[in-house]
Amino acid sequence: MDTNVVIVGAGPAGLAIGACLKKAGLDFVILEKAHEVAPAWRRHYRRLHLHTVKSFSSLPYMPFPKAYPRYVPREKVVAYLDAYAERFELRPRFGETVKSIRREDGRFVVETAAHTLSARHVVIATGNNAEPIVPSLRGIEAFKGRRLHSADYTEAAPFAGQSVLIVGMGNTGAEIALDLAETGARPTLSVRNGVHIVPRELFGVPIQMVGIASRPMPQAVNDKLFPIILDLALGKLRKYGIVRPREGILKQIDAGRIPVIDVGTVAAIKSGAIKVAPDIKRFTEHGAIFVDGRQAEFDSVILATGYRPAYEKFLPAELRPSKSGVTRRASELGLYLVGFHNPVTGLLREIGIEALAVAADIARRGASRRSQL
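Numbering (the working numbering), first residue to last: 136 to 508.
Treat the hints as calculated values from the structure; they're not laboratory data.
Among the clues, some could well be false.
[As the list claims (entries may be wrong)] Computed spacing ranges between beta-carbons, pair by pair:
| no. | residue 1 | residue 2 | range |
| --- | --- | --- | --- |
| 1 | A355 | R463 | 25 to 31 Å |
| 2 | A277 | G339 | 45 to 51 Å |
| 3 | P204 | H250 | 37 to 43 Å |
| 4 | D366 | T138 | 50 to 56 Å |
| 5 | T289 | P204 | 20 to 26 Å |
| 6 | I363 | E224 | 48 to 54 Å |
Virtual Cβ for every residue (Gly too), placed ideally from N, Cα, C.
Given these sequences and hints, build the entire structure.
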């Protein structure tokens, strides 16, 4: 089968680039290994809300409904993405797992388990959360309690009354700990390294808008001012076991590490509802020993240890763009990443910006080819 563009993934990024290509009058095929759009959003834990405001988080050409709250909950994000696919008549080919992508005679050959497609352009839109990371933790096999990755966590009810260790304090770990604390569990967060924490709203202003406004400022100025401002907003957290990394917030964001956006976890830590522990030295049958020598028993362990993109399984190194969006190499090659840059200004906002730019670049290159004929 021949097409102009193959889009891999039918999450927010895949749907956004599909809508932008349709607006540009370009033909494309969306391949999705699941059997529905936005499968990752459907799997997320139930209490999840967007950390960014709805007015700056919608996809191109279709804002969130006015009736939606400022911070949209998971189930309404899913409903919006379903409606988005219907609005732009996006019909992904479901159950199509991409096995390989290669370059052949100036085009891309995309192989799935059942089909072969040929395309001038490819857009990888599978996202950063394609595959859970399960690290090797000393003694974890000896632990006799319940153990799961945060990808398999849906709600706190099954853990009510339990002592639960959450390994990792990213946004997911921090919010799961809060969910557990609010539902009668006794959570402990193991924080391996320093972590930057920002409030969802800074003195009443959404942190996303603060990030947008401060982004043009020199990085050194931001990195000097933010710790002072955040100490005023959140208090000094070192006494609770939370230290900041040596690298500033913006430098970490540029390296792909988004700060924790606090929605109540800090207050729960201060009140003692959530405990904080350092890195784990090793697990025991009934708990863990931490690097500072303290020990504790736990009923369950939740690994909030992140995800990886996993497109390296089907995309050889020589074809991989250096970063998300339109780059010179991506444009020349005709292979793009969309949705792999997650700034504090918002992933969905960035997806919209990238999708518009990639669709425009594909249209421009198509027009250039036609003018040369």
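Can you name, in rising order, the numbers of the hints this structure does not satisfy? none
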